[in-house]
Each structure stands twice: as structure tokens, then as C-alpha cells.
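Colleague: Here is how the chains run, residue by residue.
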Amino acid sequence: MQNIKKTVWRHKRRIYFLVGLTLLLGLAIIVQAFLMTRIVDGVFLKNLSFSAVTSPILALFIILLIRALTDYMSKRIGVSIASDVKRDVRKDLLTKYAQQPVQLAEKGQTGKKVSMLLDGVDEMDSFYSQFIPQVMQSTFVPLLVMIVIFTQHINSGIILLVSAPFIPIFMIVIGIQTQKKSEEKLEKLASFSGAFLDTLQGLVTLKLFGRTKKQKDELEQSSLGFRDTTMDILKVAFTQSFALELISMISIGIVALELAIQLIIYESISFFTAFVILILVPEFFTSLKELGTTFHNGRSSMGAAKKVLQEFDEQDDSIQWGKNEMAQEEVPPTIQLNHLSFTYPTSDFKLHNMDATFLPKQKIAIVGASGSGKTTLLHLLAGMITPDEGAINVQQQDLVTFTEASWLNQLSYISQHPYIFSGTIGENIAMGTTAAVDEKAIREAAEKAGIAPLIESLENQYQTKIGEAGRGLSSGEKQRVSIARAFLKKPTIVLLDEPTRGLDLATEKILQQSIEQLNETATVITVAHRLHTIKTADQILFLENGQLQAVGTHSTLFDTLPAYREMVTIQRGGKQA
Amino acid sequence: MSALQKVIKLMLIEKKDIVIAICLGFIAGISSVGLFAASGYLISKAALIPPFYALIVLTSTVKLLGFVKAGAKYGERLYSHRATFTILSNLRVTFFEKLEPLVPHVFHKYRSGDLLGRVVGDVESLQNFFLRVFYPPIVLLLVFVSTIFFVSFYSLAIAVILLLGFLLTTIVIPALFSLRQVKINGRVRQERGDLSTEITEVMYGFRDLKLFQQLDTKQNQLLSQSETYINEQKQENINKVYSQSFNGFITFIVSWFVLAIGAYLVVNGTLEGIFLAMLVMISLTVFEPAAPMAVFPIYIQESRDASNRLYDVVDEPDIQPSETNISINHLPDVPPGLAFSDIRFTYKGEWRTTIPNLSLLLPAGSKTAIVGASGSGKSTLLQLILKMQQVEAGQVYWDQHDTLTVSGSAIWEQTKVVLQENHFFYGTIRDNLLLADPGLQDDQMNAVLASVQLENFSLDTRVSENGENLSGGEKQRLAIARALLKKGHLWLLDEPTSSLDAQTEQSIYQQIFNQADQDTLLLVSHRLQGLEQMDQIIVMNHGEIIESGSYQELMELEGYFYQMKTLEESLL
Ligand SMILES: Nc1ncnc2c1ncn2[C@@H]1O[C@H](COP(=O)(O)OP(=O)(O)OP(=O)(O)O)[C@@H](O)[C@H]1O
Ligand SMILES: Nc1ncnc2c1ncn2[C@@H]1O[C@H](COP(=O)(O)OP(=O)(O)OP(=O)(O)O)[C@@H](O)[C@H]1O
Ligand SMILES: [Mg+2]
Ligand SMILES: [Mg+2]
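Protein sequence lines, in the order shown, are assigned to chains A and B. Heads up: the first sequence begins at 1 in full-length UniProt numbering, then just goes up one per residue. Heads up: the second sequence begins at 1 in full-length UniProt numbering, then just goes up one per residue.
Just so you know, the hints here were simulated from the structure itself, not pulled from any lab data. Here a beta-carbon is modelled for each residue, glycine too, at the ideal position from N, C-alpha and C. Do not rely on the hints blindly, as some may be mistaken.
Straight line, CA to CA, 16 Å or less: simulated EDC-like cross-link-like pairs of lysine to aspartate or glutamate [what the hints assert, rightly or not]:
1) A:Lys-96 <-> B:Asp-216
2) A:Lys-509 <-> B:Glu-568
3) B:Lys-348 <-> B:Glu-392
4) A:Lys-289 <-> B:Glu-288
5) A:Lys-216 <-> B:Glu-97
6) B:Lys-45 <-> A:Glu-258
7) A:Lys-214 <-> B:Asp-437
8) A:Lys-46 <-> B:Glu-272
9) A:Lys-91 <-> B:Glu-198
10) B:Lys-45 <-> A:Glu-267
11) B:Lys-98 <-> B:Asp-315
12) A:Lys-535 <-> B:Glu-569
13) A:Lys-214 <-> B:Glu-413
14) A:Lys-213 <-> B:Glu-100
15) B:Lys-98 <-> A:Glu-220
16) A:Lys-91 <-> B:Asp-216
17) A:Lys-509 <-> B:Glu-569
18) A:Lys-91 <-> B:Glu-227
19) A:Lys-213 <-> B:Glu-97
20) A:Lys-216 <-> B:Glu-100
21) A:Lys-465 <-> B:Glu-350
22) B:Lys-348 <-> A:Glu-459
23) A:Lys-213 <-> B:Asp-437
Which residues of chain B face chain A? A partial, calculated answer using Cβ under 7 Å [said to hold, decoys possible]:
24) Leu-55
25) Ser-89
26) Tyr-426
Simulated restraints on C-beta separations [claimed, not checked]:
27) B:Gln-515 <-> A:Thr-95: 48 to 54 Å
28) B:Leu-167 <-> A:Ile-154: 40 to 46 Å
29) B:Phe-67 <-> A:Ala-52: 36 to 42 Å
30) B:Leu-459 <-> A:Glu-218: 15 to 21 Å
31) A:Glu-218 <-> B:Asp-443: 23 to 29 Å
32) B:Pro-104 <-> A:Glu-218: 18 to 24 Å
33) A:Ala-52 <-> B:Ala-175: 35 to 41 Å
34) B:Pro-104 <-> A:Asp-388: 37 to 43 Å
35) B:Trp-351 <-> A:Thr-95: 39 to 45 Å
36) B:Glu-316 <-> A:Asp-348: 45 to 51 Å
So here's chain A without its partners, still in its complex pose:
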């Protein structure tokens, strides 16, 4: 789905149908004019009796019905094409967003993306539902009308032929402007959405810093900016309508005058011809003018479409996973870090050349100062980001040769900032696994995470509703709910990023025991600040500024690495200070 034309041609059949309808409409308009004239002419000049005009009057009724019907049908087709296009585009865009690697997903503002998916896609509507049917009408109806007028009276035809081309020229010039502006408009709406959502999330912070007023002003600016861009677009459109209106008025006036002169002075045409033309000429201009109105709608909608479709062009180096299925064995695989290096595209931080081997069921601790790259290493292990150089080998093969699903199936990763969804506590724990789970399993997992007593003290227990981002739970409670997710699955590799952060010692102890239990069947890799987690590890990875300083057990590192020794002393020595 790269361009707008393609989106239209997907619906070829309906487009042809639309053409047919439009031709019918054009014919109806012409027949209507003739019938009306016959009636007026008949009673006004020819002094016919009323019964002589009853059949044209009845025929006129049928023609009007046809006109209303074709109008309805063609608009309806427009609506249904628009719905289909919106459905497809939204689906593709959503898929695109969903396949983004996490790193890209974190880029940009959530509100903007939401705005693209909703407002952007919705804006595309009028291009298909109004613009396309109108383009057809404005092409065929004037053409038919013009032909008929030429057959009736050449001079009037020439007047139209001279003035009509101004209209499309105007529209093209102005349409280009509109489209640019409307891309800008959608952009503004999206940034308003982005800013609003960000402000909403941070409103407590803003209050604490006494900045709500300022933020309100900014939102106001943003909202006014959106208004101004919208008005700019509309002004263009209105000026265009004004010009069209003038052109058509002048031509209608000239035609009318021409007809009058021909009627009186030369007596070269009949009233019949004159009146037919007089009814047809406004129809000619009306459908062109309507194109003018929808043209701006269509153009701005095209702007939106272009903006939305641009999202697809956004290059994404999504991770190229392979096709191999990883054998799902009881025993955890051996994991090797092989000259592993990684840099974030947007920061200077670099993880250097790491080498390590994690044997099955080992307990690994990753240690290092804040910002030294511990979380980054876990992200790499989870396959959320890919190494720039070197590789992670699992079962002697590069991780990326496997499918993503088969790796994630083995894995439980409780990240540093797990997200709790709105819903019940039970649902939040249950999302730890793709398998179906019963209440009992959830309860067990909660117990292991040390959160069961709390949940069970609540009125609705596991059915207790919590808000977005876990509102309604204390921070430690949220932490434990997310850890429970890991206990639900039977993973062979467990990645934990500071699991005991913000927990009291008693709870921490429960958790330690449960993690030990996990360790019986899985390799557990933990980022830890606490000495007691570190001390018992089979291997400690000591990171400093993205460099792996040393790998070893507590006693070897303590003896050989001064930085490590210092860290331990500070943890112990805190009490002497």
C-alpha cells in the first residue's frame, strides 16, 4: 500500500459502476431541462391546454426520481469504498506499528501514533467518499451538458468552452497549496495529541512544579496553531470558491444576455432553446463548482493519506529473525556471548566486545553502576535489540537464526519498568504466558511473588480491577504482580531486572526463595544491586561503562578486582559510615 492510486484501483469494479451511474445522472439532468422547458414553453408561449402537458409533467417526475436515485447510489458507493480503504490502511498501519522493534516503538510520542491511526485514517475518508464520486460527476455531467448546448446553440457553447477551462486551472493551482497545508494540519493535530497525552501523564509532576499554567498555555498555543492551519486551508478553499462563483456568474450572465439578444434582435432562436440552455448552464457550473468544494476536501484528505502512507516508508530496521525452530527442551540451552557489541543509534553509549558463557541452570548476576549497560545487555539477550557486532549464540547457533516466537517461548523477562494494564489483577498475571491458565495457577504464581496475601485480602481478590499503568496498587505491589508473570510460565531462561527493587526485606526473602526454585529448571540472569543476590551467583558479570570488566564468582572478583571490592565494601561499610 504505497500510494493513493493503488488504493483506488483495488476497487475497480465499483469505480466502473460509479461511471455508469454518473452517465445516467448526466442524462437525467439533460432530459429534465428539456421536459421543464417543454412545459413552460407549452403553457407560456404555445398556449397549450393543461392536458397537453400532463405527460411531460409525469415524465419529469420519473426523471427526478432517477436523479435522486443515481445520486444516492453513487454517494453510497463512495462511502463503501471509503470504508474499505480505511479498514485496509488502518490494518496495515497497525501491523506496521506492531512489528516495530521496541526501540523504534519507544521513539516518538504515543499520542501522535494514536492520532495517525485514528484521525489520519479517518481524514482519508472524504477523498474516497466524496472526492472520487464528485470528480466523476464533474467530468461527465459538464461534458454531456456542453455537447447538448452545442447542438442547441453554438454561441452559448463557445462561451462555456472559453470560460470553463479557467476552473480546472484554478483548482489545480489551489489544490496543490491545500494539500501541503493539510499535511501540516494533520501534523499539528498529531502533535497536539502527543502533547496532550504527555501532559496528562505528567500532570502530577506539573502540579508539583507549579507548571500547569504554562503547560495549559502551551496546549492552547498548540490548539490555536491547529485552528490557524485549518483556517489557512479553508481560506484557500473559500477564495477558490469565490473565484469559481465569479467565473460562473459572469458566464451565466453572458449566456443569458447572449440568449436575450438572439431572441429579440435577431430572433434567431426560440424561447425553447433559450430556456433549455438557461437551465442547463447552471447545472454545468454547479457540478464544476462542487468539484471546487470537494476538491479542497479531497486534496486535504489526500494530504492526510499521504502523511499516513508515509508512515509506511519510514525505514525500519526491524530485527531479521530466522526460520529455525529452537528445540523446546527441558534443559535450558547454553548461551554464549561472542564479542558482543552494541550502540544505541541515538546516544554515545556503547556496549563493548563482551564474551561470556552461561551454562544451563546457572545463576548469573549482572552488576555495575547505574548506566553501565545492564538493562541493555538484558534487552540484547531477549532479542529486543540486535548486536552491532558479535553475536549471542544459543545451542551453538546465532540467536537470530531462530524464530522470534521460539526464543520468546523459552524466556521470561521481567523488565525494569514493567507495564501493568488496566483490567483485573488476575488478567495481568495471566498475560505471562500464552497458554490457557486457571485460577489455581495464577494463585500459585502470586504466592511465589509474595503478592498473594495482599490480593487475597481484597474484596474481589484476583478479579480486583486496577487502572491503567497499575493505578490503585503501590509500587512494590505492581512490581510483584509483574514478577508473578514469570512464575506462571515454565521458562528455561529467566531475565530479571532488579526484581527486588522497592521491596521490603521480608518480601524480598520470599521472592529470593521463589527465584531459587525457578533456578532449579532454568538459567536465571539477574541484574542486581544487592550484595546477597550477587554473592550466591555462579557467575558475576561486572560492567563498567559498557565494558565487561570481569566475569567470575564473588570470591574471585573480590580478590582480583579492586572496583568490585570497593563496591562490596561500600555496601557493607554503609553501616560504619
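Place chain B with the ligands on chain A using the hints.
Modeller: Showing chain B with the ligands alone in chain A's frame:
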């Protein structure tokens, strides 16, 4: 007052533009009717071979009317749209203004994506209210009344047909459609809101959804929601098209009647033939703007839904902050003493009492630590001091003032807060630090960054939404830096260093305590190390204070604190 009335009230601020738009709309409408009438008359007249000057007068009238119409239409559009979009912009800002005091309570009931949907989508849809519901009927009425008045000079019968046609197309048929509309009860607004809510949360929880392989399920869910939304939209659009075409047909029929009756009258001799063409042209023109009136009920309902959805949130009784009479809007710039006396607190909508009864004294300039199990109410206590939540019973005192009488902003002005979870705004480090004080100089900020060991960051470093590109510890340090830069003499620190390694933690505490030397400080902590230097340690459990005293006293007491300390030591 219904929500729609509130919207109208807001709209009326733009009175002037509205009146101008109506006047210009009338001029445009009437001159267009005049234009077509005159051209119809012109042709008929010409057929009778009149004197030439009569034709000149007529054609000039036609042209003049044409110019007037074009100009008036331009003005009408400009003014009506300008008014509309200003109204929408005001509406958004008003909504935010009303929402602000409701935070954080509003999140009990509404999710952010939902609120976003309302402030963008629903407000946007209200443009139809003004552009299609509010003023066009007025213009239409004026044009019709004048036209019918004009026509009545030529033929009463045709004036009556026009009148009937007017009643039919602008009142009877829209009324019938509105009966139908009540039954259909479009859910477009609702569906859009739901979709916005879900999409937003999926984006927020993207990483976890991906890690736990739930993304496919969620995506399908979203797609089926989008499907429902699109179908609702489609249904509504088809409805609109149907109503409009139907009413369009009726207007054709009215013209048809005018023609038929007119012809009959001419044959009869009651109407002069020369006026027939004019009357037909009039009826064709005057009804042109009447056709959209059939869509009126759909727009009314849409607008009502949209405005209800806006005002439902801000008028929601469950989340209104309790009314208090605030008499103090500024607090003295000195370290305060705080006191809780017999407070009780329950979160809104919760059945268990978080803090059953608690009294506590924090003397001015003292340093207090709160320790206790997770979920024991430590953060809640800070929320109460900050007036983010309000006590059910008892008082919280700021010096001698009951905080009920002190405005929230006065308290916030005097406190430096690091919450357990801190928000960072999309922008740069500088943007985020400037929150503390817009007057800060770069070197001041750089110095503070260095003091929290973030010297490797430049002020121009980008911060992603929610600080996603910062490590856990960096976020905490940035939050501390922000607090260090802020003015105030009360420090409220809720586990400010939980993600930091011991080394960094120590040096940062040193910074804080140096700066807070004279100030009152309240620290929530899980680590018991380093609490020796605190004046007072409070041990909480289940919302109650179970022990309190200095480090020494608590150790001697050999109670809960002593046990925790022993546990901690055994783990080292
Ligand atoms: N917004 C809320 N609505 C309802 N209940 C809440 C809300 N916030 C917290 N609670 C509940 O109130 C209790 C106290 O929460 P609080 O956040 O004060 O705990 P805490 O002592 O700070 O714990 P932690 O050490 O985990 O941060 C918890 O059991 C929690 O579930
Ligand atoms: N998404 C990202 N984009 C750019 N830079 C990042 C991103 N995530 C982290 N960084 C940077 O990479 C460095 C390492 O971050 P990482 O999260 O791995 O640290 P950490 O060791 O986990 O620290 P902490 O203990 O504080 O959580 C930091 O300097 C951080 O600013
Ligand atoms: Mg980290
Ligand atoms: Mg807390």
C-alpha cells in the same frame, strides 16, 4: 444545564462572528434566489420582445446579484468557520482546564487514551454542530420567509406550495428522520473513544506485550474494534447520504409541483405566463440548501453525544475534589513543621481503609525516615501531605495551618518532591530541568547534573516520552536533580535511589543532606543502612505506625525494626 447547552454557552463568546455569518448567509441566499429569478424573468421577457433598455437593466441586475452572492458566500464561510474553529480550540483548552484539578482521581474512572479521544475526536466532531446545526437553519428560515413573501405577490398558490415545501423539507422530514435516528442510536463516538483507549494502552505496554507474545492477540482485538468503528461510521454515513438524497428528492418534487401547478394556473389564466419560468427557477434555487436539513438529526445526535462525552468526565461526581474553603495561598519560605493528628484515609472507591488512624509529628528542620512493608501506606502519607488525596477524618497541619485551608499550589511551591515513579516529558534534559524553575541558567543546571553524576549528559540530550531512553537509575537521578533545583524547604523523597548502586546512592544522599541541612525532610526507604543519621524513624505496617524513635532507640527496643535490620545484615 445539559452538556449541549454548555457548549452553546461557550460558543456564544464568538457572538460577533456568528451574527456576521448569519447576515452574510442571508444575503448570499437571497441574492442567489434573486439571481435565478431575474434570469428566468429575463428570458421570458426577451421572448416577448421588449424594449432593449429593459433587457439591459435585467442583465445588470443578474450580474450584480451574482457578484453580491459570491462575495457574501465568501464572507459567510470565512466568518462561520473562523468562529467554529475558535470555538473548538476554546473547548479543548476549557476541557483541559477542568480536567486539571481532577488529576489524579480522574484516572480511577478514565484511561488516558479515552481522555485523548474525547479532547481530540469529540471536540473535532462538534464542528458540525456549529456549521450544520446551529446557524444554517436560521439562514434558511430568513431566506425562505423573504422568498415566500416575494412569491406571494405573483401567485398565492405557489407561495403556499413553497411554504408547504419548506415545512416538509426543513421540519417534517428532519423530524421523521430524527425519530428514526433515536432508534438507530449511533455509537460512532463511543466506538471511536474505545478504540483510542485501547490503542493508547497497547502503545504504552508495547514492550511487555511483545515480550509475553501477546501482541498478536491485542492486534486482532484492535482490528476487530476498528472494524466495529468503521462499520458504525459507514452505517452513519449511509444514513446521512440516504437522508440527504431523500430530502433532495422531496425538494425536486416541490419544484415539480410548482411547475405543474404553475402551468395549470397559466392555462387557467390566473398566473401570467411570463412569471412561470421565474417561479420555477426560484423553486429550484431556494430548496438547494434545504436538502442537507435531513441530516440535521444525525448531527444533533452526534453533537449531543460528543458534548456529553466531554462533560461526563469533568462533571463526574465521583472524582470531584472535595470543596474546602481555602484561605492561605502562600506559605512562608521557611522549613515547616508537619503534624498528622488522628487521620483516617481510604482511597476513593476502595473498601479497605488504607490508613485507619495515624498521628505523627515532624518538627521543623527534622529529618525523618519512614520504613515498612510494601503497601503499608508510606507513599499514601506523602500524597496526603501534598493534598493529592484528602483525609477522611483528622487533620494534617503545616505549621499551625490545617492543610484543608491551604491551597495545593502553596504547598507544592514549598516542597521538593521525588516520587517513586517520576514523569519525564518528551523533549530535552533542559526542558525537563527547567520545570523546576524557568529562570535557571545552563551552568546551574550543569552543576546539578554533575552533582548527581550525570555529567555525561548534555542539556540538549533528547528525552523520549516517559524517559524511555534513560536507564532506571538515570531517571531517578534526573528526578533528584530536578528536586535539587527547585525552591522550597520541605523534602519529600519516596525511595529516590531504589535503582541506584550503593556507591552512587551514597554520594547522592550526601548531596541531598548537605542541601537540606536546615530543611524538613521526609524519606521513604527500604534500605535500612544509613538511617543512623536520621532524627526519627517511623516504622509502618498496614497503615499504622508500629514503632518510632531514633535508630538507637529502635535497635534497643528490639522490635520490628531490629528484626528487619538483623535480616538485612544476615543477607549481606
Ligand atoms: N490510587 C490508589 N487507589 C486505591 N488504592 C491504592 C491506591 N494507591 C495505593 N493504594 C493501596 O493503598 C495501599 C498503600 O499504598 P502505598 O502506595 O501507600 O504503599 P507504600 O507503602 O508506598 O508501598 P510501596 O513500598 O510498595 O511503595 C496499598 O495496599 C495499595 O494497594
Ligand atoms: N533506548 C535508548 N536509546 C538511547 N540510549 C539509551 C537507551 N536506553 C538506554 N540508553 C543509554 O544507555 C546507557 C546504558 O543504559 P542501561 O539502561 O543499560 O543502564 P543500566 O546499567 O541498566 O542502568 P540502571 O542501573 O540505572 O538501570 C545509559 O547511558 C542510557 O542513557
Ligand atoms: Mg537498568
Ligand atoms: Mg510507595
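Colleague: A separate judgement is required for each hint: does it hold in the structure or not?
Modeller: Tested hints:
With a C-alpha separation of about 12 Å, the suggested pairing of Lys-96 of chain A with Asp-216 of chain B holds against the 16 Å cut-off. Taking the CA atoms of Lys-509 of chain A and Glu-568 of chain B, the gap is near 10 Å; set against the 16 Å cutoff, the hint holds. With a C-alpha separation of about 10 Å, the suggested pair Lys-348 of chain B and Glu-392 of chain B falls inside the 16 Å cut-off, and the hint holds. A threshold of 16 Å between alpha carbons decides the hint, and for Lys-289 of chain A with Glu-288 of chain B the separation of about 14 Å falls inside it, so the pair holds.
For the hint pairing Lys-216 of chain A with Glu-97 of chain B, the CA-to-CA distance comes to about 7 Å; that is within 16 Å, so the pair holds. With a C-alpha separation of about 14 Å, the suggested pair Lys-45 of chain B and Glu-258 of chain A falls inside the 16 Å cut-off, and the hint holds. Among the hinted pairs, Lys-214 of chain A with Asp-437 of chain B is consistent with the structure: their alpha-carbon atoms are about 12 Å apart, no more than 16 Å. For the suggested pair Lys-46 of chain A and Glu-272 of chain B, the alpha carbons sit about 13 Å apart, so the restraint of at most 16 Å is met.
At most 16 Å may separate the alpha-carbon atoms for a hinted pair to count; Lys-91 of chain A and Glu-198 of chain B meet this at roughly 15 Å. For the proposed pair Lys-45 of chain B and Glu-267 of chain A, the alpha carbon gap of about 13 Å is at most 16 Å, so the pair holds. Between Lys-98 of chain B and Asp-315 of chain B, the direct Cα distance comes to roughly 9 Å. Compliance with the 16 Å bound is thereby established for this hinted pair. Distance check on the hinted pair: Lys-535 of chain A and Glu-569 of chain B sit about 13 Å apart at the alpha-carbon level, within 16 Å; holds.
Distance restraint check for Lys-214 of chain A and Glu-413 of chain B: the Cα-Cα separation of roughly 15 Å lies within the 16 Å cut-off, and the hinted pair is therefore satisfied. With a CA separation close to 10 Å, the supplied pair Lys-213 of chain A and Glu-100 of chain B stays within the 16 Å bound. Between Lys-98 of chain B and Glu-220 of chain A the CA atoms are separated by roughly 14 Å; this keeps the pair inside 16 Å, and the hint holds. Annotation: proposed proximity of Lys-91 of chain A to Asp-216 of chain B holds, straight-line Cα distance about 12 Å (limit 16 Å).
Restraint check for Lys-509 of chain A and Glu-569 of chain B: satisfied, since their Cα atoms lie roughly 13 Å apart, inside the 16 Å limit. With a C-alpha separation of about 9 Å, the suggested pairing of Lys-91 of chain A with Glu-227 of chain B holds against the 16 Å cut-off. For the proposed pair Lys-213 of chain A and Glu-97 of chain B, the alpha carbon gap of about 9 Å is at most 16 Å, so the pair holds. With a CA separation close to 9 Å, the supplied pair Lys-216 of chain A and Glu-100 of chain B stays within the 16 Å bound.
For the given pair, Lys-465 of chain A sits about 11 Å from Glu-350 of chain B by alpha-carbon distance, which is consistent with the 16 Å threshold. For the hint linking Lys-348 of chain B to Glu-459 of chain A, the alpha-carbon distance of about 15 Å falls within 16 Å, and the restraint holds. About 13 Å separates the Cα atoms of Lys-213 of chain A and Asp-437 of chain B, which keeps this hinted pair within 16 Å; it holds. Hint status for Leu-55 of chain B: holds, given a least beta-carbon distance of 5 Å to chain A, under 7 Å.
Hint on Ser-89 of chain B holds. Least Cβ distance to chain A is approximately 4 Å, under the 7 Å limit. About 5 Å separates the beta-carbon of Tyr-426 of chain B from the nearest beta-carbon of chain A, less than 7 Å, and the hint is met. Here the CB-CB span from Gln-515 of chain B to Thr-95 of chain A is close to 51 Å, well matched to the stated 48 to 54 Å. About 44 Å separates the C-beta atoms of Leu-167 of chain B and Ile-154 of chain A, a value consistent with the hinted range of 40 to 46 Å.
The hint said 36 to 42 Å for the Cβ distance between Phe-67 of chain B and Ala-52 of chain A, and at roughly 41 Å that hint holds. At roughly 19 Å, the beta carbons of Leu-459 of chain B and Glu-218 of chain A sit within the given window of 15 to 21 Å. A hinted range of 23 to 29 Å holds for the C-beta pair Glu-218 of chain A and Asp-443 of chain B, which are about 26 Å apart. Judged by the Cβ atoms, the range 18 to 24 Å given for Pro-104 of chain B and Glu-218 of chain A holds: they are separated by roughly 21 Å.
Range check, Ala-52 of chain A to Ala-175 of chain B: Cβ separation about 39 Å, and the 35 to 41 Å hint holds. Between Pro-104 of chain B and Asp-388 of chain A the Cβ separation comes to about 42 Å, which falls inside the hinted range of 37 to 43 Å. At about 43 Å, the CB distance of Trp-351 of chain B to Thr-95 of chain A agrees with the hint of 39 to 45 Å. Roughly 47 Å separates the CB atoms of Glu-316 of chain B and Asp-348 of chain A, a value that falls within the hinted 45 to 51 Å.
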